[in-house]
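Chains as they are written, first to last, in numbering that gives the first Met the number 0: chain A, 0 to 288; chain B, 0 to 315; chain C, 0 to 250.
Everything labelled a hint here was simulated from the structure, so no lab data went into it.
Remember, predicted model here, so these are calculated numbers, not experimental data.
Among these hints, one or two may not hold up.
Here are the simulated DSSO-like pairs of lysine-lysine, each with C-alpha atoms no more than 27 Å apart in a straight line [said to hold, decoys possible]:
1) C/K20 / C/K7
2) A/K3 / C/K7
3) B/K15 / A/K105
4) C/K210 / C/K194
5) C/K194 / C/K231
6) C/K75 / A/K18
7) C/K28 / C/K238
8) C/K139 / C/K115
9) C/K75 / A/K3
10) B/K22 / A/K105
11) C/K243 / C/K7
12) C/K125 / C/K195
13) C/K75 / A/K4
14) C/K210 / C/K243
15) C/K231 / C/K243
16) B/K115 / A/K18
17) A/K3 / C/K28
18) C/K75 / A/K5
19) C/K115 / A/K5
20) A/K18 / A/K3
21) C/K28 / C/K7
22) A/K4 / C/K28
23) C/K15 / C/K75
24) C/K20 / C/K238
25) C/K210 / C/K231
26) C/K7 / C/K75
27) B/K115 / C/K15
28) C/K210 / C/K195
29) C/K231 / C/K20
30) C/K28 / C/K194
31) C/K231 / C/K28
32) C/K7 / C/K194
33) C/K115 / A/K4
34) C/K7 / A/K4
35) C/K231 / C/K7
36) C/K195 / C/K231
37) C/K115 / A/K3
38) B/K16 / A/K105
Residue-level listing of the chains:
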Amino acid sequence: MNFKKKHFERRHLIELFIKTIMRIALIIVASSLGLILWTILSRGLPSLTWDMVTQIPKGGYYMGKEGGILNAIIGSIYLASGGTLIAIILSLPIALYLQAYAQDSKWGDYVRLSLDVLWGIPSIVYGAFGFALMISLGLRASLLAGIIALALVELPIMTRAMDEVIRRMPKDLEHAALALGSTKFEVALRVVTRQMLPGIITGILLAFGRGIGDAASVLFTAGYTDRIPTSLMNPTASLPLAVFFQLGSPYPEVRERGYAAALILTIIVLLVSFGSRWLASRLNKYTVK
Amino acid sequence: MNQVNVIKTIQENRTKKNIFAQKIFFGITIFPVILTLIVAIALFFRAFPILSEYQLSDLLFGEVWRPNQGLFGFRPFILGTIWVTTVGVILAVPACLLVSIYLAEYAHARTRSIAKPILDLLAAIPPVVYGVWGLLSIVPFVDDVLAPLAEGRLDSVPLLSVTQPTGFGILAGGIVLAVMIAPLIISVTFEVLSTVPNDLRHASLGVGATQWQTIRNVVIPQTLPGIIAAIVLGASRALGETIAVLMVVGNVPNIPTSIFDTAYPLPALIANNYGEMMSIPLYDAALLGAALVLLVVILIFNILSTLVLQRMLRRK
Amino acid sequence: MDAHIQVKNLNAYYGKQLALKNINIEIPKNQITVIMGPSGCGKTTLLKTFNRFFELTENTQLTGEVLVDGENIYNKDVDVTEVRKVVGLLAQRPSPLPMSIYDNVAYGMRIHHLRKNREEYKTGVKHYLEIAGLWDEVCKRLSEPATSLSIGQQQRLCLARGLAVEPEIILGDEPTSALDPISSQNIESRLLELKKQYTTVIVTHTLRQAKRLADYVIFMYLGELIEAGPAKEVFSNPKHERTKQYLEGLF
Ligand SMILES: Nc1ncnc2c1ncn2[C@@H]1O[C@H](COP(=O)(O)OP(=O)(O)OP(=O)(O)O)[C@@H](O)[C@H]1O
Ligand SMILES: [Mg+2]
Chain A
0 MNFKKKHFER RHLIELFIKT IMRIALIIVA SSLGLILWTI LSRGLPSLTW
50 DMVTQIPKGG YYMGKEGGIL NAIIGSIYLA SGGTLIAIIL SLPIALYLQA
100 YAQDSKWGDY VRLSLDVLWG IPSIVYGAFG FALMISLGLR ASLLAGIIAL
150 ALVELPIMTR AMDEVIRRMP KDLEHAALAL GSTKFEVALR VVTRQMLPGI
200 ITGILLAFGR GIGDAASVLF TAGYTDRIPT SLMNPTASLP LAVFFQLGSP
250 YPEVRERGYA AALILTIIVL LVSFGSRWLA SRLNKYTVK
Chain B
0 MNQVNVIKTI QENRTKKNIF AQKIFFGITI FPVILTLIVA IALFFRAFPI
50 LSEYQLSDLL FGEVWRPNQG LFGFRPFILG TIWVTTVGVI LAVPACLLVS
100 IYLAEYAHAR TRSIAKPILD LLAAIPPVVY GVWGLLSIVP FVDDVLAPLA
150 EGRLDSVPLL SVTQPTGFGI LAGGIVLAVM IAPLIISVTF EVLSTVPNDL
200 RHASLGVGAT QWQTIRNVVI PQTLPGIIAA IVLGASRALG ETIAVLMVVG
250 NVPNIPTSIF DTAYPLPALI ANNYGEMMSI PLYDAALLGA ALVLLVVILI
300 FNILSTLVLQ RMLRRK
Chain C
0 MDAHIQVKNL NAYYGKQLAL KNINIEIPKN QITVIMGPSG CGKTTLLKTF
50 NRFFELTENT QLTGEVLVDG ENIYNKDVDV TEVRKVVGLL AQRPSPLPMS
100 IYDNVAYGMR IHHLRKNREE YKTGVKHYLE IAGLWDEVCK RLSEPATSLS
150 IGQQQRLCLA RGLAVEPEII LGDEPTSALD PISSQNIESR LLELKKQYTT
200 VIVTHTLRQA KRLADYVIFM YLGELIEAGP AKEVFSNPKH ERTKQYLEGL
250 F
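Could you build the full structure based on these sequences and the hints that come with them?
What follows is the structure in structure tokens.
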């Protein structure tokens, strides 16, 4: 008997080869993240100034003169917060319903299927839909319209994330509560909500991060302006569009500022992403696993 | 009121609350189910003027896009979408499959726990930032590295000959798209592979198969529909990607013949023109028609892949 | 005694938890060895160290040696797949591969290129299905998916699949515990028939099965080897108090 490895046997060579190219593929994918971050950082940082995040555009800003993009930063925060808020109002009941009443029902399957389908609809289509609604109702581009379009983009992301995380919740706890005589609604509210908190937070932050970076849905619905909006009916600037428009400028200084704006957007999105990870892991400590 | 009655009333109240909540919650769940339909119908109504005036086939296959002369041929845009998406998917799929198989079958828990946040971050980066990256890195890369490599060598190869000198074009768009859809394809494929019970892997390893033999003969055949669905899902995501692609494909409404050509995909058409030339008759209807075409194609892709995935990933 | 497997100073850890404590045994060739002991004592773990399945669980660690025919299967330059070819495993639950009945049996032979042409594979498949006592039941439906078989038939199919790669050792981790009494009996009689050509190591929870099958017995408790010896001696005259209690059904 001899178990000695024959390294040059075909299948061992194949195994080695496959494993090697798999590792290379992983390195390529991982390093593309590094590449993106490095590109944005190295090109954005030089033109990032304090003015950019504290000032709104002054006259001649788009020709390279003074000012900043505070209007876009605030606008994006308004848009994403509003969109997230509306999405929460719809998502929470849907996620709760899916968990409490429709775990294995046909209807639950339809709802989940619909959410998956909605999740796959590109934001440009939501934007076009929002615009179609606006012209039908005779409305102009505004913060409100942008918020509604973003809410549609965020709704499936948020609900799916919530549903997904909650689904992993241990079921014993819920059954224990049911056995103690609570109605399903009470289970949903008390036990499930407490247990679901990590899922809810993850879903909300994920959707917020997506919302703040989305350009195609707010392109026609929110408009663009140099002022910070004071009412829901004002048009509003947004960070992704600030990047987009500045990059289209013939002035190199303005394009440089576009890179800086991209850096600001990236930093916000990364903060949200890390924040949700951190929060979810903190909250997880206090829930039964 | 005696005690029993009090308890009864509380009980009834609770039950009522339960039923009431159930009804309201149920009502809200109707919204996502009909939203797709609402979007499609709204787009259809706004696009109706052009659909009633032109033959659908003229719109879809017409080659000339001159709105001020009343010519609305979508063909260059549809082909542009197909080209960019195809290149993106072809570039993404091999790497994505390798990575997801590696993570699901070979990698240690530690590698997985490093890879997951990386993929999450890749998925979290906004499209416009991908666009900036494409503009700053990929377009020059295509221009300075890939095009010179292909020039002279691949000129006679159809689809690969270098046709224009700027770096903007299908290849740049495809590369950016490939990176953008990678996290989705990888995570869905990973989940699909994880549905294979370890018993099956052990059955194969137990007779002395290598890991790759096990993957090829047992794991992949078992999960093939799900893997294909993951790819289709990635493709449908690529079809609708707007801003990032728009920033690097050149946006010239020609009929592409090579991956170095410029293209003008449908989403870019909508994004670039909407709300601008509203004075031209039927222009907005044509653009919403384009959105409708995009929506319908994506819905088909999406529903098919989602149905497969829902069956495969149904929690056991 | 002619030892086929020798275990020397074997320690196995799941994370930091020690699951096998300094195990030393010799497992006789061409006999049926039965491993007994209360739940959680490490029987499965011990069995898994024989075909190097233990390392498939993440975060595990192993020290010591397992020698098969005098060769340490944990040596650096050992080919795991060769070990697993020689040491076959019959799992607790039957796990037919998601392919036809025929392909299930042919699977291992193909992996190791044990036959030359289609005809040889056909005779091979027939041969091992006969050994597993399944041929008569499935000869007309070889191309049907293996999952269409009953659980008991599936387990015999897994036996045929394991035997088809020509192992020398068969491991069985409670191989009949998922089966009905008649199927169990069927598997048991296969194992008894096969013991002339194969070294067999079985984990079982049923004392009666152990008595029916065992030539040699290993008794474990809390990760330690308490007693090992020829079946007759251990059953009639256990040396250790724990073994006695176990045999009397006190656990
Ligand atoms: N995958 C694992 N991770 C961590 N600990 C494990 C794992 N598998 C087994 N253990 C632990 O190792 C010890 C031995 O387990 P093992 O499965 O070998 O017992 P067993 O004798 O086969 O039990 P049973 O008769 O119930 O099958 C137990 O304490 C168990 O908790
Ligand atoms: Mg066991």
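Consistency of the hints with the structure:
Annotation: proposed proximity of C/K20 to C/K7 holds, straight-line Cα distance about 11 Å (limit 27 Å). Between A/K3 and C/K7 the alpha-carbon distance is near 20 Å, which keeps this suggested pair within the 27 Å criterion. Note on B/K15 and A/K105: the hinted pairing holds, with a Cα-Cα distance of about 24 Å set against a maximum of 27 Å. Between C/K210 and C/K194, the direct Cα distance comes to roughly 15 Å. Compliance with the 27 Å bound is thereby established for this hinted pair.
The suggested pairing of C/K194 with C/K231 holds, with an alpha-carbon distance near 17 Å, which does not exceed 27 Å. Under the criterion of a C-alpha separation no larger than 27 Å, the hint pairing C/K75 with A/K18 is consistent with the structure, at around 19 Å. Note on C/K28 and C/K238: the hinted pairing holds, with a Cα-Cα distance of about 24 Å set against a maximum of 27 Å. In summary, the hint linking C/K139 to C/K115 is supported, as the alpha carbons are separated by about 24 Å, within the 27 Å threshold.
For the hint linking C/K75 to A/K3, the alpha-carbon distance of about 9 Å falls within 27 Å, and the restraint holds. With a CA separation close to 17 Å, the supplied pair B/K22 and A/K105 stays within the 27 Å bound. The suggested pairing of C/K243 with C/K7 holds, with an alpha-carbon distance near 26 Å, which does not exceed 27 Å. Pair hint C/K125 plus C/K195 holds up; C-alpha atoms about 21 Å apart against a cutoff of 27 Å.
Restraint check for C/K75 and A/K4: the C-alpha separation of about 9 Å stays at or below 27 Å, so the hint holds. Note on C/K210 and C/K243: the hinted pairing holds, with a Cα-Cα distance of about 14 Å set against a maximum of 27 Å. For the proposed pair C/K231 and C/K243, the alpha carbon gap of about 14 Å is at most 27 Å, so the pair holds. At most 27 Å may separate the alpha-carbon atoms for a hinted pair to count; B/K115 and A/K18 meet this at roughly 19 Å.
Between A/K3 and C/K28 the CA atoms are separated by roughly 22 Å; this keeps the pair inside 27 Å, and the hint holds. Only pairs whose Cα atoms come within 27 Å are accepted, and C/K75 paired with A/K5 is accepted, the gap being roughly 13 Å. A distance of roughly 21 Å separates the Cα atoms of C/K115 and A/K5; the hinted pair therefore holds under the 27 Å criterion. A threshold of 27 Å between alpha carbons decides the hint, and for A/K18 with A/K3 the separation of about 21 Å falls inside it, so the pair holds.
The hinted pair formed by C/K28 and C/K7 meets the criterion: a straight-line CA distance of about 17 Å does not exceed 27 Å. Of the pairs offered as hints, the one joining A/K4 and C/K28 holds, with about 25 Å between alpha carbons and a cut-off of 27 Å not exceeded. Pair hint C/K15 plus C/K75 holds up; C-alpha atoms about 23 Å apart against a cutoff of 27 Å. Distance hint between C/K20 and C/K238 is fulfilled; the C-alpha atoms sit about 20 Å from each other, no more than 27 Å.
Simply put, C/K210 and C/K231 have alpha-carbon atoms about 9 Å apart, close enough for the 27 Å limit, and the pair holds. Straight-line distance between C-alpha atoms of C/K7 and C/K75 comes to about 17 Å, which keeps the hinted pair within the 27 Å bound. Taking the CA atoms of B/K115 and C/K15, the gap is about 26 Å. The hint holds against a cut of 27 Å. For the given pair, C/K210 sits about 18 Å from C/K195 by alpha-carbon distance, which is consistent with the 27 Å threshold.
Distance restraint check for C/K231 and C/K20: the Cα-Cα separation of roughly 26 Å lies within the 27 Å cut-off, and the hinted pair is therefore satisfied. For the hint pairing C/K28 with C/K194, the CA-to-CA distance comes to about 9 Å; that is within 27 Å, so the pair holds. Of the pairs offered as hints, the one joining C/K231 and C/K28 holds, with about 17 Å between alpha carbons and a cut-off of 27 Å not exceeded. Pair hint C/K7 plus C/K194 holds up; C-alpha atoms about 24 Å apart against a cutoff of 27 Å.
With a C-alpha separation of about 23 Å, the suggested pair C/K115 and A/K4 falls inside the 27 Å cut-off, and the hint holds. For the given pair, C/K7 sits about 22 Å from A/K4 by alpha-carbon distance, which is consistent with the 27 Å threshold. Using a Cα cut-off of 27 Å, the hinted pair C/K231 and C/K7 holds, with the two alpha carbons roughly 25 Å apart. Of the pairs offered as hints, the one joining C/K195 and C/K231 holds, with about 19 Å between alpha carbons and a cut-off of 27 Å not exceeded.
For the given pair, C/K115 sits about 24 Å from A/K3 by alpha-carbon distance, which is consistent with the 27 Å threshold. Between the alpha carbons of B/K16 and A/K105 the distance comes to roughly 24 Å, so the proposed pair stays at or under 27 Å and holds.
Of the hints listed earlier, there is not a single one the structure fails to meet.
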